[in-house]
Amino acid sequence: MEIPYTVKPRPDTGLYNAKLGIWLFLASEVMLFGALFSSYVLLRVGAEPGTWSMGLMDLLVGAGNTMVLIASSMFVVLAWAELKQGNLAGYKKWKWATIACAVLFLFVKWGYEWPSKFKHYDVWLNNATVLQEKFDEGYHEVASHGEHGDAAHGADVEKYVKKIYTTRFFKEESKDSQLAFDDAWRNGTLALSGHINAYEEAQIDVRITGWKADAGVSEDAADEALVKQLAKQDTEDAAGLRLNGGYLREKTDYDTAKRAEYALGQAGFTVALSVAGYKRVEAHPWMWRTKRVTEDIGGKPRVSSIVFELDDSHHKGIITLNAGDIKRLSAYEPKHSTFFGIYYTITGLHAAHVFGGILIMLYNMLPIGLGLWHRDREQFTNRIESFGLFWHFVDLVWIFLFPILYIL
Amino acid sequence: MSATSEPAKTAEATEEQHDEHHEHHEQSFWRTYIFSTDHKVIGMQYGFCGLAFLFFGFCLIATMRWSMAYDGQAVPFVGPLLEALLGNNVARGGVMSPELYNVFGAMHGTIMVFMGIVPAAFAAFGNYVVPLQIGAVDMAFPRMNMASFWAFFLGCVIMMVSFFIPGGAAQAGWTSYSPLASVIPTDGQTYWLIGMVMLITSSLLGAVNFIATIINLRAPGMTWLRLPFFVWAQFITAFLLLLAFPPLEAAGILQLMDRVLETSFFLPTGLVVGGQDVDVSGGGSPLLWQHLFWFLAHPEVYVLVLPGMGIVAEVIANNTRKPIWGYKYLVGSVVVLGFLAFIVWAHHMYMTGMGTVISAFFQTTTLLISIPSVIILTCLLVSLWGGSIRFNTPMLFALAFLPMFGIGGLTGLPLGFNFSDVALHDSYYVIAHFHYVVAPGTIFAIFAGVYYWFPKMTGRRMSEFWGRVHFWGSLIFMNLIFMPMFAQGMAGMSRRMSDGGATYSLSNPDNADVTVGTLSDTIMGLNVSISAAAWAMLVVQLPFIVNLFWSVKHGEKVESDNPWQATTLEWETPTPPPHGNFTKEIKVYRDPYEYSVPGAKEDFTPQAQPAK
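Chains as they are written, first to last, in my numbering: chain W, 1 to 408; chain G, 1 to 612.
Read the hints as simulated data drawn from the structure, not as lab findings. Nothing here was measured: the structure is a model prediction, and the numbers come from that model. Be careful, since some hints might not be right.
[To be verified] Label pairs and their computed distance ranges (CB to CB): (1) W:178 x G:419: 54 to 64 Å; (2) W:297 x G:520: 52 to 62 Å; (3) G:27 x W:392: 38 to 48 Å; (4) G:426 x W:356: 19 to 29 Å; (5) W:379 x G:585: 23 to 33 Å; (6) W:12 x G:426: 45 to 55 Å; (7) W:295 x G:419: 44 to 54 Å; (8) G:490 x W:262: 50 to 60 Å; (9) W:103 x G:574: 50 to 60 Å; (10) G:187 x W:195: 51 to 61 Å; (11) G:420 x W:6: 49 to 59 Å; (12) G:506 x W:209: 52 to 62 Å; (13) G:422 x W:6: 17 to 27 Å.
Each residue gets a CB set at the ideal place from its N, CA and C atoms; glycine is no exception.
For reference, chain G alone in the conformation it holds in the complex:
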């Protein structure tokens, strides 16, 4: 930076950039905000859709919780809406039919996983933040990036349309196990499969783009071990999506063949449905579906979790004002975790009778994968030690992530052992376990990310006060929802029952003489309290929604481009960043989290700051 011509050149470049920027603004509204190739706009599109679907998916379960707590009674408020929209054969008089419960259950899972969390945690933050953090002008393939979003959007449209076709959307659970999924006569499952093919295409295009960008577009000096942990997490996640999704696509194609061309890939010989022989050749394998499905769906768990861990690492480093403890171990762990994620899938299938040797293998790999997970969590926890912690909203969410994810992880161990899984399989214990991982885990991380990067996206902060209301409300109700489910599961309550298990309760008169009724009044009573907590949870999301939209225009303006005094490159851009991101040449001189470096003037030393 010594040559005198340098600033002049930079100024010229800035002017050029400005012109370009100006031109860009003169592009039509459609090119700028809808069919944009700018990674930041695409990120926000993904983010908006993802959050909207998270909310919608939550509304589905909130409606289902009524059926579980008060089976056979008309759903208040939304009952008439259901009847009007979906027809009186599935919601007569506003009462949720078991078929509708199945539809909502299958779509709750599908929407939350594939249309909510993946777009919000991976695609939204990944698109917005990754190119900024590695010092790139955009993604490697901007048009492909746009194609990825629109393939996703089309997939979502197909999924949403399927609610309104005769018979409604898919009913066989988000896992779509065959033969059930193959023989249900309504068309919902076919729509589901076609929608999934679109979502998988979107994820393929996105994953290729992320990996190519991270490998090839890193700024000069941004070596692999100078990448922020968030970038590493996204990098591994992209590999999981790239390699794990195609088998589900293959499975989807095979199930589509089963449904449309009446093949028997997943239909065994001699299949009888409703007392009738099914006119198929047979010879297929229901287990094949489960293998192909879980080959995706287990890595998918890490797709849901890793971006969250990445966000939490960023927020914790920033708000403890010290380097992440054990950065290299974090990176190593996430790589190992990405590898192991591919060889644990059959722990979802202990109950299928696939044999003790195979079970023992998958039990071993499953317990092995807990090692890198625990290392990551431990590193993040130890990072707090001796830090001068700033308890702002993003940090509160990031801090809550640690114990909540911890509970989710530790309660997974009894499910990983096949002998204890026999008792807990498909019970509410499982529901509680994976929701602890994903809901107060990943979703809290998403909230942390929204509060943390909002100032960069808009130039304004979200309200701290309402952020805290949102946080404490969410934390309390999240636990009131999921903690009792462990008890219900251990008492033997199965998942996917529209009456909340009333059929198997001790107080069911039909069960007086038989032993199937095992659920006590206390366990059944929890259904009501859980439902109430779920509806309260819905209410405490309102401050967040209002805060999000209100702050775009009316939030407190940020005083600089780096309001959190952070070290990573995304804060080197103007606020909000223009098309092309950086207005100066970016070079990286140091590690990602150089907070409180002894002898430095300030308590943070940005990556782009040259060594003296």
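If we strip away everything but chain W, and leave its shape as in the complex, we get:
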């Protein structure tokens, strides 16, 4: 049994099977990405004014990656052309060049573009007048760091905030943008964008307040559970703690406290967590969500305040926001907004196609894939041609993605 037209094109259709198959596959892919692009349009058109972010992407990096992909599309054709001339060495040269471009593209995306966004935050305030107060007081953060000697003036920072807001959601200042800004200011929907430079993290006291003897846990087992959670492995302390209660740990970190609370809860203990104080941490945290800051621990938030540096403020717009001021906080992750949701979904799906392409290209470079070249040169050449069609499509998707996500 031999299936016809696996290598030679069928005269009346002009296509060999694989080429026909890949075109059909691409038609389906057009519908897949088409649906996502349509979703983008519908979500964007339906977005409330002042909620659809624009211009947050690094245009230069995006344009560079676009050029890399276009180059790879050219290399993939050159590789095929070399095969048509029977030159395997030339094929390998251009194919490696294609693979290198694809890897570079993914490296920029997954190694730089995405991770840098996960440290970039928007903060929505419960009440924007808090911000006004801070402006009036000036910026003690700036002052205390002594970078510029005197406190930044409130009005300066308000200008920054407004400028950032306007370019981000309206591109240029207009009557509409003014109205929307005032509205956002009043309603607390204004998002401050920037980085978290430092924060005050809770130090937690863990106190045993009681133990239920009838919870089905023996005294020994309870003590054993207790010992595991003690800083020092002191068994005598354990029995005392169980009977009289008292501090298990003082000023410990959140994870240790929560672990102790859970484990001891299982062993029949009642455990109380309370915040003993806050410790300043100088760090740029990743992917924090609102709950990571405002989670209630014995009546106090897990993070008492964050030191927030506004975008494009040249290190002047640094403000301290208390947990109580914060309505919502989100890194530039998918959950941030429908814009970032669709951004990560489309670019992620596209990147998955690039990644799959790399795997196929590597297969066709290894002995297992090259075996076909030695058995049937024409079929191998056809295979590379079909892959090239796919690769051009992946490139083409990016050509559409770049303007809608980076420029528009």
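With chain W fixed as given, assemble chain G onto it according to the hints.
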């Protein structure tokens, strides 16, 4: 065929083929029957799974019908089983909880559509019959064909596993409307989405294969207008799957993002669930889900129906012993229908307030699409005129398809007009309408196909007597189930109520002073008779199941390779066809349905028979 060397060469080829065949048999059991790349084996795998899931999906609804007729009472026979398998929080004491009803309802739809009818009508018959009918040795991409089946199988496994996870399977209906589907806290919906991605991948691989095969592997002489209508129907169906499924895949990815990464694609600003603000960014659009979903799900209706029409056309042509009336109109209609199927989807969304202009557009396209549908049905009906009809089991099912599908189609018109849809939307009228299209429509066509091609697959016939018992039982109970639902729907009974609408009945004491109770005792009483008919329907499927398995070994042997005296190419193969299908060179000389050609010796002239 004049050269003397020709027969010798053929004999040699046959011997070679035989050797190959022999070798093939020495391949392991796994390669031959499980991980096979032979389109016929894959077709039968699809067929077996499809029929099994049709039965399972029917069992789900049969259980749900108990809850609707006798709400709050323990389900007989299967109640203890439910409690044991699914836990006593969803089936305490064997009583079906509303949550379990929702699970079964969502999965009944999903299983019937995506795991039952599509595999049985499209993938099974398409895989088995299409390459044979176009004179091909196999599908264009046999390994991809196997991958398609296993992707389907994996998707089914994921769907079935989801019944047993905490909280059970998906509960938001087969349509999975957001925000409901996004905010249900159990994991069933996530499993559903992942399962769907697998099923969509399977359908993509299958559709590419079908189209490539039909375009490139037609035997010499098999021109486009010599293709049997069944092949045309499968060809258009494959295009619908190829182009309509990806938007649902996109929607599935977005909903998965909503559920796993907490994005807000389908969640509006200010969403409140259970009195609590949901911690999401908002800004999404619930309508977006509906658009993406119905962009698939309306063409999906034609995916369910077209293969059935194709099967019916084959069976009718064969058993009327005359050419199909208006073959070219059939082909034209099916092409137009395939195109129009893409631009009618929003007629499922009249109630969403998307605007009168858009409604008017979709209302117009919806009524336009009834034209090709009516042409197809009319051609098949007129084909009966003056035929010397053989009333065998496949023909009975094919004949029943015509009025049953007709009822389903005509009752769709009031749903296509947005002014009448306002009253009928989401009522039992809708349920009755689409079940008439798919159940006594497509499923009868599937039965016709099984009885018709069974002799080719096995070399034996299924029992005529039990076939007739199966047919008459199915026909009667099918109508007893679905006809009363029109009345229930017009009386205002909503779908998806685990108590069968008792909350809104006139006899509900809570409704004494309010006007919400509108369902009379007669309408409520129909719940019991419908349920009884459904269980009877289950019973009359038993002869079919037994007949199917029994006949594989013990059925009456067929006397030739062409027991129905048919014209199309699948009957030119040995019975059952070996790997590689044909043992002689296949060339096509004539149109597909040359029955009763004046002056011919016999009343059928096969496509492969050369002109004198």
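These are the hints, each one checked on the structure:
no.: 1; hint: W:178 x G:419: 54 to 64 Å; in the structure: violated (45 Å)
no.: 2; hint: W:297 x G:520: 52 to 62 Å; in the structure: holds (59 Å)
no.: 3; hint: G:27 x W:392: 38 to 48 Å; in the structure: holds (39 Å)
no.: 4; hint: G:426 x W:356: 19 to 29 Å; in the structure: violated (41 Å)
no.: 5; hint: W:379 x G:585: 23 to 33 Å; in the structure: holds (24 Å)
no.: 6; hint: W:12 x G:426: 45 to 55 Å; in the structure: holds (50 Å)
no.: 7; hint: W:295 x G:419: 44 to 54 Å; in the structure: holds (53 Å)
no.: 8; hint: G:490 x W:262: 50 to 60 Å; in the structure: holds (57 Å)
no.: 9; hint: W:103 x G:574: 50 to 60 Å; in the structure: holds (53 Å)
no.: 10; hint: G:187 x W:195: 51 to 61 Å; in the structure: violated (35 Å)
no.: 11; hint: G:420 x W:6: 49 to 59 Å; in the structure: holds (54 Å)
no.: 12; hint: G:506 x W:209: 52 to 62 Å; in the structure: holds (58 Å)
no.: 13; hint: G:422 x W:6: 17 to 27 Å; in the structure: violated (55 Å)
Comparing the model with each numbered hint stated earlier shows that hints 1, 4, 10 and 13 do not hold.
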